[in-house]
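K.L.:
Listed below, chain by chain, are the residues.
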Amino acid sequence: MREHEKTLVLLLAGGVGSRLNILVQTRAKPAVCFGGIYRIIDFSLSNVMNSGLTQVGVLTQYKPLSLMRHLGTGEAWDFTGRSRGVKILPPRTGSKDSDWYKGTADAVRQNIDFIRAHPSKEVVILSGDHIYRMDLDDMLSFHRRKQADVTIAMMVVPREQIHQFGTGITNDEGRIVEWEEKPEVPRTDLASMGIYVFDTEYLLRLLASDREATDFGMHFIPKAIESDNVFAYPFHDYWRDVGTVQAYWEANMDILREDSGISPEAWGIRPNFEADGRPADWPPARFVAGSTVKDSMVAAGCVIEGEVVNSMLSPGVRVGKHAVVRDSIILHDCVIEEDAVVDLAILDKRVVVGGGAVIGSGDRDAKPNQRYPKHLYTGITLIGKEAVIPPGIVVGRNCIVEPGRKDDEFSGREVASGETV
Amino acid sequence: MKKLKPRTLAMILAGGRVDELNVLTAYRPKSAVPFGGFARVIDFPLSNLMHSGLEQVAVLSQYRSYSLINHIGSGAAWDMLGRYRGVSILPPSKGYGHSDWYRGSADAVFQNFDFIQYHDPEEVLILSGDHVYSMDYQEMIDYHREKDADLTIACLKVPLSTAHRFGVAEIDDEDGERGGRIFQYKEKPSRPRFDWASMTIFCFKPKVLYEVLAANAREDDSFEFGRNIIPRMLYEQRRVYGYKFAGYWGYTRTIEEYWQTNMDLLGERPRIDIEEWGIRTNLEHRNIRDCQPLKVGNEAVIDDSLIYNGCTVEGTVERSILFPGAYVKKGAVVRDSVLFFNNVVGRNSRLDKVVSDVNVTVGDEVRIGEEGPAADKEATVVGWNNSIPAQTVIGSDCTLYPTLKPEKLARTIRSGEIVR
Numbered sequence: 001m002r003e004h005e006k007t008l009v010l011l012l013a014g015g016v017g018s019r020l021n022i023l024v025q026t027r028a029k030p031a032v033c034f035g036g037i038y039r040i041i042d043f044s045l046s047n048v049m050n051s052g053l054t055q056v057g058v059l060t061q062y063k064p065l066s067l068m069r070h071l072g073t074g075e076a077w078d079f080t081g082r083s084r085g086v087k088i089l090p091p092r093t094g095s096k097d098s099d100w101y102k103g104t105a106d107a108v109r110q111n112i113d114f115i116r117a118h119p120s121k122e123v124v125i126l127s128g129d130h131i132y133r134m135d136l137d138d139m140l141s142f143h144r145r146k147q148a149d150v151t152i153a154m155m156v157v158p159r160e161q162i163h164q165f166g167t168g169i170t171n172d173e174g175r176i177v178e179w180e181e182k183p184e185v186p187r188t189d190l191a192s193m194g195i196y197v198f199d200t201e202y203l204l205r206l207l208a209s210d211r212e213a214t215d216f217g218m219h220f221i222p223k224a225i226e227s228d229n230v231f232a233y234p235f236h237d238y239w240r241d242v243g244t245v246q247a248y249w250e251a252n253m254d255i256l257r258e259d260s261g262i263s264p265e266a267w268g269i270r271p272n273f274e275a276d277g278r279p280a281d282w283p284p285a286r287f288v289a290g291s292t293v294k295d296s297m298v299a300a301g302c303v304i305e306g307e308v309v310n311s312m313l314s315p316g317v318r319v320g321k322h323a324v325v326r327d328s329i330i331l332h333d334c335v336i337e338e339d340a341v342v343d344l345a346i347l348d349k350r351v352v353v354g355g356g357a358v359i360g361s362g363d364r365d366a367k368p369n370q371r372y373p374k375h376l377y378t379g380i381t382l383i384g385k386e387a388v389i390p391p392g393i394v395v396g397r398n399c400i401v402e403p404g405r406k407d408d409e410f411s412g413r414e415v416a417s418g419e420t421v
Numbered sequence: 001m002k003k004l005k006p007r008t009l010a011m012i013l014a015g016g017r018v019d020e021l022n023v024l025t026a027y028r029p030k031s032a033v034p035f036g037g038f039a040r041v042i043d044f045p046l047s048n049l050m051h052s053g054l055e056q057v058a059v060l061s062q063y064r065s066y067s068l069i070n071h072i073g074s075g076a077a078w079d080m081l082g083r084y085r086g087v088s089i090l091p092p093s094k095g096y097g098h099s100d101w102y103r104g105s106a107d108a109v110f111q112n113f114d115f116i117q118y119h120d121p122e123e124v125l126i127l128s129g130d131h132v133y134s135m136d137y138q139e140m141i142d143y144h145r146e147k148d149a150d151l152t153i154a155c156l157k158v159p160l161s162t163a164h165r166f167g168v169a170e171i172d173d174e175d176g177e178r179g180g181r182i183f184q185y186k187e188k189p190s191r192p193r194f195d196w197a198s199m200t201i202f203c204f205k206p207k208v209l210y211e212v213l214a215a216n217a218r219e220d221d222s223f224e225f226g227r228n229i230i231p232r233m234l235y236e237q238r239r240v241y242g243y244k245f246a247g248y249w250g251y252t253r254t255i256e257e258y259w260q261t262n263m264d265l266l267g268e269r270p271r272i273d274i275e276e277w278g279i280r281t282n283l284e285h286r287n288i289r290d291c292q293p294l295k296v297g298n299e300a301v302i303d304d305s306l307i308y309n310g311c312t313v314e315g316t317v318e319r320s321i322l323f324p325g326a327y328v329k330k331g332a333v334v335r336d337s338v339l340f341f342n343n344v345v346g347r348n349s350r351l352d353k354v355v356s357d358v359n360v361t362v363g364d365e366v367r368i369g370e371e372g373p374a375a376d377k378e379a380t381v382v383g384w385n386n387s388i389p390a391q392t393v394i395g396s397d398c399t400l401y402p403t404l405k406p407e408k409l410a411r412t413i414r415s416g417e418i419v420r
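Chains A and B are the protein sequences, given in the same order. If you read the first sequence in the numbering used here, its first letter stands for residue 1, the second for the next number, and so on. If you read the second sequence in the numbering used here, its first letter stands for residue 1, the second for the next number, and so on.
Hints listed in this document are in silico derivations from the structure and should not be mistaken for laboratory results. A virtual CB, placed ideally from N, CA and C, is assigned to each residue, including glycine. Hints are not guaranteed to be accurate.
What the hints assert, rightly or not - Residues from chain A that keep clear of chain B, each with C-beta distances beyond 12 Å, as calculated:
1. 16
2. 63
3. 68
4. 82
5. 85
6. 141
7. 171
8. 223
9. 337
10. 362
11. 363
12. 402
13. 407
What the hints assert, rightly or not - Heads up, simulated SDA-like pairs for lysine to any residue below, C-alpha to C-alpha not over 25 Å straight-line:
14. A:321 <-> B:301
15. B:157 <-> B:264
16. B:330 <-> A:305
17. B:329 <-> A:309
18. B:330 <-> A:266
19. A:294 <-> B:344
To be verified - One side only, chain B facing chain A, incomplete, derived with CB under 10 Å:
20. 265
21. 267
22. 277
23. 279
24. 280
25. 283
26. 289
27. 298
28. 300
29. 307
30. 310
31. 324
With these hints in hand, go ahead and build the complete structure from the sequences.
P.N.:
Here it is as structure tokens:
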């Protein structure tokens, strides 16, 4: 019998991920589609499943509907059965200190009853926001070997990104001796991946020790390293926080390349097809005579008559004759009509690009989006769910077309780079 | 209020050993043969039943039924799971009255008559699990009820020149395009005079069905619907009607026909439109739900083909159908071919008009099939679990038996050869 089978997992899936802009307008970040047929949270859930852990609580808060539908009974990840289960844990009112979750530690504190109801020696806490593969069973073994109170998975990240993370300095045996949360002037390149193994008793004591503290990285870890056994579990493989439009686009493109280190199928990542309401209806992708496809992933249900280069296509996408899709991510059931061009863009579900329209026109090095200069500045244009781009319209770089926009909401023939519709 | 309990019970004949489709049926019944890039032949009748609202279904299976049982699973893939919805597999059994191995299609139904009686339907729809088509059975059942028929047979008009391959009926003009009374029927006649071929889709009144099956079991020494039951009913002057069907019907007995039916999935307007038809399969079977989308490499060329999730294409694929797990390596060319689950085609190999069963690995620089137009040659069929050594040359119209030792293949195999 697997040693850590009964270990409780808490998956923090409440992230807003607001820098993903309109991709998170109707869904939480963990529910954002990724890699053609997956959602971001599939990576964490599959890691849990493949590590042999079977008891999971998913803490939700922000726009949880699409997430809850996606989780379903948990059957897709084998979480159904006598000793298995996945529970959705939304914020509740009614007991003394219940309220909206104010931070990672606060969210866990509000679910102490859930932890007590599933007695286990350790609690694994992780976020549903990241793209990676990790053997949590190995991390648990490490935790026990070190007789740690807390173990934090940490990895080396580029210097220019380190300010977004909790950072630590470790000694020879892997003990974390210094901690800085989101430092402006970093002294290390070792960052927390937001994956914790806590000794359950220790966790309960810790949460009770300071009832004002709401965040693990901000409040608890800095104090814990002084008096308790806090270890860093080193991680060296592919890991991405796809929290920005650019990072999201890059990670999708990584799957297309052979040497990038990411391979959802080889990693054993499972999607939940049923949740999309069309369980098995997608026929194989159909390539009509005269189509061209290179360096791309094309999911079932697509019909390709035109050209697809360096792009990620979710199920049910149609690319019409002489249409071109390049360097783009196209989500479910989009229709790109004849002679249209989509270049360096992300199309949310069920977008229609009318005949001859151009998405992503002009120099890729154009000026940033005027409304969200920090979200869109690398040339990527975002088209919201169910938008209909009229035939012949030309949309520039770094543009946003909000969900559902159509016809007369496009004044004129052109949306200049940086504009928002 | 809609009556919850279904009025019609459907029974799929799925299990007979058929000497058809060569090595593709060496280890599976014909109904479990892969078709359409992700599905099995039986998914067509099962999806038809689902779309017709007939969700109380029995599958009669005898020959190597493991693959079929596995495929059908709980029936949930076709929504056949619920209070009045279900798929029951009915294998042969021992220990009751006349139970035994099924001696024929009619015998299979007769041995399970207690199952029919238990469900007490108004009609029993008996259909073959071996054909590729899309049909609303409800329309046929409506006709059957309207005519107060004892038996209604779905029929398709075929050229008289091919009619000897089918059971053929003469349908009178009672209802024009819709159908009419059948007074004459011949099973595979050597000199056919009628051209309405039976599609092996029968709608029976249960009481009459029981009477004729019981008489058949008592008096005859052959137990087939086509050869025995229909002629018996006409002789007894029962009300037998033909329901005229005009759509596509994929009837495959030879590899060449199977190949052609596959090619009907391709083209700008495919004759078999599996999306339009709403064909469902069981994604749990072979875990194809866990496959990532098709991955297309930098030098890939894909033309007029059907490719499901879980494939990787780095070479050239033309007019072909690839099931999950197919991997076409760089420089390889796959033309006019059908590759079942988990095929690997090595670098710089070339496949021309090949039907390859599951788990076949083709080494580098292998040639299978003669070059040139597909119509000018017969397909080569490769049985499952074969590994073809690098640089092997195999002609057209060859048969490679399943699980051959690689040394049997390490030579030039000329067109028309059979390797056992």
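K.L.:
If a hint holds in the structure, say so; if it doesn't, say that too.
P.N.:
Hint check results:
no., hint, in the structure
1, 16, "28 Å, holds"
2, 63, "26 Å, holds"
3, 68, "20 Å, holds"
4, 82, "18 Å, holds"
5, 85, "20 Å, holds"
6, 141, "26 Å, holds"
7, 171, "41 Å, holds"
8, 223, "43 Å, holds"
9, 337, "16 Å, holds"
10, 362, "27 Å, holds"
11, 363, "26 Å, holds"
12, 402, "27 Å, holds"
13, 407, "28 Å, holds"
14, A:321 <-> B:301, "17 Å, holds"
15, B:157 <-> B:264, "19 Å, holds"
16, B:330 <-> A:305, "23 Å, holds"
17, B:329 <-> A:309, "19 Å, holds"
18, B:330 <-> A:266, "20 Å, holds"
19, A:294 <-> B:344, "20 Å, holds"
20, 265, "8 Å, holds"
21, 267, "8 Å, holds"
22, 277, "9 Å, holds"
23, 279, "7 Å, holds"
24, 280, "4 Å, holds"
25, 283, "5 Å, holds"
26, 289, "5 Å, holds"
27, 298, "5 Å, holds"
28, 300, "6 Å, holds"
29, 307, "5 Å, holds"
30, 310, "7 Å, holds"
31, 324, "9 Å, holds"
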